[in-house]
Amino acid sequence: MRLSLSSKTSAISALLPALTVMLVVYIGATGWTVWMSLTNSRMLPNNNFVGLRQYELLLGNDRWITSVHNIVIYGVLLVSLALTVGFLLAVAIDQRVRAEDTIRSIYLYPYSMSFVVTGLVWQWLLNPTLGIQHVLRSWGFQNATFDWIVRPETAIYCLVIAGVWQASGLVMAIMLAGLRGIDDEIWKAARVDGLPKWRVYVSIVIPMMGASFATAAVLLSTAVVRLYDLSVAMTNGGPGIASEVPAKFVMDHLFERANIGLATAAATMMLATVIAVVAPYLYWRARKGEIR
Amino acid sequence: MQRANVDIKGLQIGFGGLKVLDNLDLHVAPSEFLVLLGPSGCGKSTLLNAIAGLIDVRGGEIHIGDRDVTFAEPKDRGIAMVFQSYALYPRMTVRRNMSFGLKVAGTPREEIDRRLAEAAQMLRLTELLERRPAELSGGQRQRVAIGRALVRHAGVYLFDEPLSNLDAQLRAELRVEIKRLHARLGATMIYVTHDQIEALTLADRIAVMQGGVIQQLDTPKMIYRAPVNRFVASFVGSPAMNFIPGRIARDGNAAFVAGESRFSLEAYAFRGPPGEAPAVLGIRPEHVEVTGSDDAAAVPARVEMVEPMGADSLIWCRLADGTAFSLRHDADAQVQGGDTLPVRFPTEALSLFDAKSGQRL
Amino acid sequence: MTALAEPLPAVRRRTRMTPARWGLYAFILITALYFLLPLYVMVVTSLKPMAEIRQGNLLALPMSPSIDAWIKAWTSACTGLTCQGIKVGFFNSLRILVPSVVISILVGSLTGYALSLWRVRGAGILFGAMMVVAFIPYQLFIYPLVRVFAVTGLGQSLLTIVIIHTIFGLPTMTLLFRNYFSSLPIELFKAARVDGAGFYQIYAYIMMPMATPMIVVAVILQTTGIWNDFILGLVFAGRDNLPMTVQLNNIVNSTQGERAYNVDMAATLLTALLPLVVYFGSGRWFVRGIAAGAVKG
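So the protein sequences, as listed, match chains A, B and C. Under the working numbering, think of the first position of the first sequence as 587, with each following residue one higher. Under the working numbering, think of the first position of the second sequence as 760, with each following residue one higher. Under the working numbering, think of the first position of the third sequence as -15, with each following residue one higher.
In case anyone wonders, no lab produced these hints; they're calculated from the structure. Since we're looking at a predicted model, the values are computed, not measured. Check each hint, because a few of them may be wrong.
Stated by the list, open to error - So, partial list: chain A residues that the calculated Cβ filter (under 8 Å) puts toward chain B:
1. Gly661
2. Leu663
3. Leu667
4. Asp733
5. Val736
6. Glu739
7. Leu765
8. Arg766
9. Asp769
10. Lys774
11. Ala775
12. Gly780
13. Arg785
14. Ile790
C-beta: ideal position from N, C-alpha, C; glycine also.
Just chain A, same shape as in the assembly (with noise of 0.2 Å):
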């Protein structure tokens, strides 16, 4: 189809913002901030450059260590929590339950909540004078403890629950929409085998998922990366730095603490990251949209 003049360029312009926004921000900016890791900014970006001097202070630096373990660990427990927990309401729900649109709703609503209003809520009700353990004590079981919230050894697996109560909803929701794909005739053949339901969940079904469990888990370990709103709403890194994350490291560093060369090393460390875990997705995708 041949395309005349004027519409062409209308095309091309229209995509100009779209280029613009790759070319600036995307392209440059990152570049920028790769840039200025490689040198010793301080509350201002200069251009000394200094290699990897910034990286090596990082491996040394306390907050950041702690950091990436809390982080390691958020991601490990909530990725296999939210994929288990959304899983088995997914299918939960596929059981054709009375009242489906009502349960899916109550499911699915922590997902359209802010993650500061997230973090507060789940800060009060972890709170030990406040919260659960309160009320269980109010109860009549005197020696109940739930205060992980202000010990250092736990403060993280706070984040952890207030997480998977937010994110499970985005789960089964994916995975509802992979489950309603499967083909009714293979659950009649699987009838007609004499399966029982268990077995066809875990034989048949689950690995029909495949697609399906591979969304959900990059979606959510792309959200573990950004982890920023929920730690600073909830614990704001505490009790001291037990529940540091890297983003709130790399804000915190960028303006409060005016390093900008520790910061923007960091800030590529989890650019790093992030490539790692996207980089085989989007790739195992596109060989999968060539072949079919």
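Start from chain A and add chains B and C according to the hints.
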């Protein structure tokens, strides 16, 4: 379990206010190949799925092999099923697809291997056993689906439009394979299709269905030659039967009158005393005879159009009163538009239907 | 005749209440409680006076419910230096939301339209690249963008935050509309071209009117995303335009002395109100939005 019979009495299926099948009876003899034939929505798939135990019945009974299975689970009915979309488990190899049900049921390993080898040999699947469904063609997938059904050694094999997803050539090939399979195994088979050619070639008996009711249950030959109502007559046979409206005259010889054309009804097997009500005469294009102009009983037909169809030609004609019909003729005969052909409708090939009810007279 | 089209009717086994079925409903009930608990606690606490909260139990119903906490949260809660209540944040968020949603959908739909129907060289590469960079965390862009806006004189302002939201909404919006336009029959487009319509005419008169379902999905996604945003608003909106989420965090986490939990929870509910209304009002559209946005690339 071998070669079971299927007995259905007074079957009722529906939901809400909608009745799909109402008081349906059907008896299938052991080793019989029964085809449920009908257009979309006639209830044939519903009936098959009810026999399989995949849908609830509201009333009536289903017996398979003299056992009452009306409320039994599919796996307890001694049935096996082949689906239109093959329904193969996508992530399993052919071998696993065929043996999974048996394995879960606890069948001993040697028995599974034996049955698998047998079915694979019968369906020429032995080289394909380690492949996944995605790596197979449509015809191969359907054979795997049939193989999965065979290893169950069921009393009744149920087929739900298994060839509808295949192209015409594959359909013809697999049709023959299924017929061979039935001859070799002697198993009871119930087969659903909307394709009347499949029905005519495969069936021992055909149940033609419409609106949830079995219109006619008979051998293919009888359904073809003596359809019990106009629906059955028009559904089976290609090219379709001609229908000529008119009435039955009782003056002198019994004859069918359509305008000026008069067709003898001598020796026609009436079911009951025919009235003077308007009727429709049915005759298949291949049964219309072209005689000589010296035949006194011949009726003139004016040729409008000739459709060459390879070995034969389909000639479209009109009777004196303008009624159109078609007839099959030798492709070599020199016939063209405008010619007048003397035609004869042999009585033994006729079907008469009441104009209003469509029932055979 | 009420024809029944095969395939089969949906109703199968009349599901009997077996033990397995009871287990299923028990599971659903317990998980539903886990999800509803926070909402319940927030509502209930926001209706109690502080005395009742101090003495009582977080799960108990209010003995004498009152909306005082709500009024206080709206009109006089302290966010940092001023005590004007969270209504300030509400209207800020609104002022950020409307232009951001409109412009990001406009730019995104135009970009998606250009990429899907018009054979521009490199369109595939641009689209692929957009899908890839959508995964990059904001932390990598924040500082350079702050510098750019500072240098251009825009600094922290309403315009800045709207531009930022448009920029970061571009990949998702483009994906949404490009996939949608690609799924429409190409004949429509060809017929319009034969009729002599140009680029923007086809966009405005033919494509966008047909894209109503996608526009609904896009509005839902952007409204929820932009309203709930914290980090971008914190950095780019400027002190006078801080969105509700930022204000909320200030109200709650920077109070000295005893926390007024009922006010805090009322403020939280107020912040969550708009997305919840969108969510419950949108029904299946919300799920469609997730499905459309989750299928990245």
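Consistency of the hints with the structure:
1. Of the supplied interface hints, the one on Gly661/A is violated, with its beta-carbon coming no nearer than about 28 Å to a beta-carbon of chain B, more than 8 Å.
2. Against a cut-off of 8 Å between C-beta atoms, the interface hint on Leu663/A is violated, since the closest Cβ of chain B lies about 28 Å away.
3. Here the hint on Leu667/A is broken, as its CB sits about 25 Å from the closest CB of chain B, past 8 Å.
4. About 46 Å separates the beta-carbon of Asp733/A from the nearest beta-carbon of chain B, more than 8 Å, and the hint is not met.
5. Because the beta carbon of Val736/A sits about 47 Å from the nearest beta carbon in chain B, more than 8 Å, this interface hint is broken.
6. Restraint check, Glu739/A versus chain B: the minimum CB separation of about 42 Å is more than 8 Å; hint violated.
7. Among the interface hints, the one on Leu765/A is violated; its C-beta lies about 14 Å from the nearest C-beta in chain B, farther than the 8 Å criterion.
8. Interface restraint check for Arg766/A: the shortest CB-CB distance to chain B comes to about 16 Å, outside 8 Å, so the restraint is violated.
9. With its C-beta approaching chain B no nearer than about 6 Å, Asp769/A sits inside the 8 Å limit, and its interface hint holds.
10. A hinted interface residue such as Lys774/A counts as satisfied when its beta carbon comes closer than 8 Å to some beta carbon of chain B; here the least separation is about 6 Å, so the hint holds.
11. Annotation: Ala775/A was flagged as interfacial toward chain B, and the flag holds, the nearest CB pair being 4 Å apart, inside 8 Å.
12. Annotation: Gly780/A was flagged as interfacial toward chain B, and the flag holds, the nearest CB pair being 3 Å apart, inside 8 Å.
13. For Arg785/A, the interface hint holds, since its Cβ comes within 8 Å of a Cβ in chain B; the closest pair sits about 6 Å apart.
14. Given hint, Ile790/A at the interface with chain B, holds; its Cβ is 5 Å from that chain's nearest Cβ, closer than 8 Å.
In the structure shown, a violation is registered for the earlier hints numbered 1, 2, 3, 4, 5, 6, 7 and 8, in ascending order.
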